[in-house]
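Colleague: Here the protein sequences line up with chains A and B, keeping their order. So the first sequence is numbered by our numbering: it starts at 1 and just counts up by one. So the second sequence is numbered by our numbering: it starts at 380 and just counts up by one.
It is possible that some hints are incorrect.
[Unchecked claim] Only part of the chain B face toward chain A is listed, based on derived beta-carbon distances under 7 Å:
1) 468
2) 688
3) 764
4) 772
I should point out that these hints are in silico values taken from the structure, not numbers from a laboratory. Glycine included, every Cβ here is placed at the ideal spot set by N, Cα and C.
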Amino acid sequence: MALVLNEEQRLLAETAREFLQKQSPVSALRALRDARDPLGYDPELWRHMAELGWASVILPEDVGGLDFGFSGLGVVLQETGRTLAASPLFATAVVGASALLLGGTEAQKADYLPQVAAGELTLALALEEGHHHRPHHIATRLERSGDGFLLSGEKLFVLDGHSADALLVVARSAGETSSRDGLSVVLVPRGTAGVDIERTVMADSRNAANIRFTEVSIASDQVIGTEGEAGSWLDDVLDRGRIAMAAEMLGSVEEVFARTVAWLKERVQFGVPIGSFQALQHRAASLQAELELARSVVLQALTVVDEQPQQLAIMASLAKATLNDLGRHATNEAVQMHGGIGVTDELEIGFFLKRARTAMQIFGDTGFHKNRYATLCGY
Amino acid sequence: MEDLDQFREETRQWLEANCPASQRLPNTPEEQYWGGRRGSFASEDARVWFERMRDRGWTAPEWPTAYGGGGLTPQQGQILKEEMKRINARTPLYSLGLWMLGPALLEYGSEAQKQEHLRAIVNGEFRWCQGYSEPGAGSDLASLQTRAEDQGDHFLVNGSKIWTTAADRSDWIFCLVRTDPHAKKQEGISFLLIDMASPGVSTTPIELISGDSEFCQTFFDNVRVPKSNLVGKLNQGWSVAKALLVHERKLMAEIGGDSPRKEIPPVEAARRYLEFTDGRIANPQLRSDLVDYEMRMHAIGLTHMRSFEERAAGIKGTVGLAMKYLGTEAIKDKNELLLAIMGTRGLGWEAPGFTPEELDTTRLWAMSKAMTIAGGTSEVQLNVIANHVLQLPQPPKAVTES
Numbered sequence: 001m002a003l004v005l006n007e008e009q010r011l012l013a014e015t016a017r018e019f020l021q022k023q024s025p026v027s028a029l030r031a032l033r034d035a036r037d038p039l040g041y042d043p044e045l046w047r048h049m050a051e052l053g054w055a056s057v058i059l060p061e062d063v064g065g066l067d068f069g070f071s072g073l074g075v076v077l078q079e080t081g082r083t084l085a086a087s088p089l090f091a092t093a094v095v096g097a098s099a100l101l102l103g104g105t106e107a108q109k110a111d112y113l114p115q116v117a118a119g120e121l122t123l124a125l126a127l128e129e130g131h132h133h134r135p136h137h138i139a140t141r142l143e144r145s146g147d148g149f150l151l152s153g154e155k156l157f158v159l160d161g162h163s164a165d166a167l168l169v170v171a172r173s174a175g176e177t178s179s180r181d182g183l184s185v186v187l188v189p190r191g192t193a194g195v196d197i198e199r200t201v202m203a204d205s206r207n208a209a210n211i212r213f214t215e216v217s218i219a220s221d222q223v224i225g226t227e228g229e230a231g232s233w234l235d236d237v238l239d240r241g242r243i244a245m246a247a248e249m250l251g252s253v254e255e256v257f258a259r260t261v262a263w264l265k266e267r268v269q270f271g272v273p274i275g276s277f278q279a280l281q282h283r284a285a286s287l288q289a290e291l292e293l294a295r296s297v298v299l300q301a302l303t304v305v306d307e308q309p310q311q312l313a314i315m316a317s318l319a320k321a322t323l324n325d326l327g328r329h330a331t332n333e334a335v336q337m338h339g340g341i342g343v344t345d346e347l348e349i350g351f352f353l354k355r356a357r358t359a360m361q362i363f364g365d366t367g368f369h370k371n372r373y374a375t376l377c378g379y
Numbered sequence: 380m381e382d383l384d385q386f387r388e389e390t391r392q393w394l395e396a397n398c399p400a401s402q403r404l405p406n407t408p409e410e411q412y413w414g415g416r417r418g419s420f421a422s423e424d425a426r427v428w429f430e431r432m433r434d435r436g437w438t439a440p441e442w443p444t445a446y447g448g449g450g451l452t453p454q455q456g457q458i459l460k461e462e463m464k465r466i467n468a469r470t471p472l473y474s475l476g477l478w479m480l481g482p483a484l485l486e487y488g489s490e491a492q493k494q495e496h497l498r499a500i501v502n503g504e505f506r507w508c509q510g511y512s513e514p515g516a517g518s519d520l521a522s523l524q525t526r527a528e529d530q531g532d533h534f535l536v537n538g539s540k541i542w543t544t545a546a547d548r549s550d551w552i553f554c555l556v557r558t559d560p561h562a563k564k565q566e567g568i569s570f571l572l573i574d575m576a577s578p579g580v581s582t583t584p585i586e587l588i589s590g591d592s593e594f595c596q597t598f599f600d601n602v603r604v605p606k607s608n609l610v611g612k613l614n615q616g617w618s619v620a621k622a623l624l625v626h627e628r629k630l631m632a633e634i635g636g637d638s639p640r641k642e643i644p645p646v647e648a649a650r651r652y653l654e655f656t657d658g659r660i661a662n663p664q665l666r667s668d669l670v671d672y673e674m675r676m677h678a679i680g681l682t683h684m685r686s687f688e689e690r691a692a693g694i695k696g697t698v699g700l701a702m703k704y705l706g707t708e709a710i711k712d713k714n715e716l717l718l719a720i721m722g723t724r725g726l727g728w729e730a731p732g733f734t735p736e737e738l739d740t741t742r743l744w745a746m747s748k749a750m751t752i753a754g755g756t757s758e759v760q761l762n763v764i765a766n767h768v769l770q771l772p773q774p775p776k777a778v779t780e781s
């Protein structure tokens, strides 16, 4: 019964929804934006989230995790999507935690994961080097120097890059610039010499940074797993990230659609609710049908992470492409159906519109994932 | 769970032992067994396979054993489907009685009607067709005009029905008829079973753009119908019809996988008809259209699974209402995609010069246009979703099926 939530997951979803609607409604994101908050999220909120166990949902019990699996994490992410909650949840508890879990040595796992589980260590994956997702196109160099290494290069669109306690930097130890072979991931603590971080203010008011590394000294125990072999697990980490982001996007789409349908029933023109017009009814109904597909895709993708790893890549691309398309469509329709008020900053619909565009670029746009799906299927 | 595993194992063994090898090959339209007084088997194997399944109640696996069904739970029914699919076992009996009328009779029929008709359906004794639409009542089904007048001991039926699938080969028809011309549209309609052998019933086939004529127009000229053939209460046939429409739409949503014609799957067609460069389809537009279609079908398949799991878990979900719309639109997209992939090889109308599969693909393309019209147009489906799922207010003048 992978496509129906179990009792435990339903309970988790309810707790998450109640908590986030009280502690982190969309107005909280607006307040962070308007205050030009330097951190970009509320550390108190993150502490609460960690107390609820959200930083450790996917982590095994021996490192202090809840071990609820990805299906458990998925319901929480959906709820954070509903309220656009800004927090280190995605960059740390999904991407960072997965990188350490899948790539780290036993010592690294024992060292870092309990801190991640407790919400005491936030992480950021420094991956992209261009303005589109190209996970294997890495020019940042990791070169041997004495007992350790020197790291040099430039990273863009690093989610939580300016606030994380440590960066996980994807760098090249060997191989051609576009090759999956020869990649390494190194952990660079905040404040390390030679690291220049520039926070970028993005349309969605969430966190990202551009980071330059200039001959940064890296000790050999800062290399996650084995040097030059990150290519063997990096794709799995990204696929988990893609599925998690799809779950967050599903929550956002459900919320923005629910608000749109409510508006169609409320707004009166020509003496009747505009939702009685068939032109709008059909567009809303077709969105509802798309939403049904998206729900099935996301639920299955989350299940696949826990139960059918051989399907991970294809389901990750299906989920991300589906939610990219639907995220754009649903937010555009939301603005249009709200009419004039839809383009005002006062209404929160604009926040959903902007977040969808950023989310669409995270770990692969629609074209990237359709191409990957086709390639995986042999055409 | 253990019981289900055991059921699966037993089912697998039974199918292995009882499904003849010839009944595990793809079916042509001529080989389908539709039962009925005039029905015949394409082969001795088809007869044996049908009789073995019938005797086990597995032509209607989930119906009660009291009426000749298999008495399986939905989970067991699903397992049987999966196990049949695993060995490509043919559907032993094709029947609107099984798929549409039976479920409605189980819900609304009198005990006498169940006794009279259900076992006959399971046994394939009569072939049924459906009399809903009329020349003047398509999407606006409730405006139907075929009259059934109360004559004391019988109804006298006059009028005509259109899109009656295979009416010229059917034994019985289930019909919506107007029994109260003065009541509001939906309130004067009754659900009637009519023996096609009755004097005054006639049929004319309708030729379609595909060249097929599977549909007929059926005429009723002073046809006498016993009153015991009324299903449900007088003037309350609309509820029976709606319940039955749900079964029809579910069927149409699922029908994609069970098309009798030999169609080339789109990925296979791409390999056969398109140029590849470095393992990829060279034409970027066609590659993009193909992946769009494949991803959509993947999502629709998962949604069918979710719908089933929700039902099995006792959750009354809203998925089902969207499936007819999504499934039939996807079939239409597939057939357009196939024509595009096959180029002029997808446009052959008759041999020579084309393979039978190519000719089937052209005909299926033409046939697919009916998918989003029959059983409620896509536009009507969207009305239903808007009103029943999203609960948007009715349009200023009620123009919807409700």
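Colleague: Next step is simple, just say for each hint if it's right about the structure.
Modeller: Results of checking the hints against the structure:
{"no.": "1", "hint": "468", "result": "violated, 26 Å"}
{"no.": "2", "hint": "688", "result": "holds, 5 Å"}
{"no.": "3", "hint": "764", "result": "holds, 4 Å"}
{"no.": "4", "hint": "772", "result": "holds, 4 Å"}
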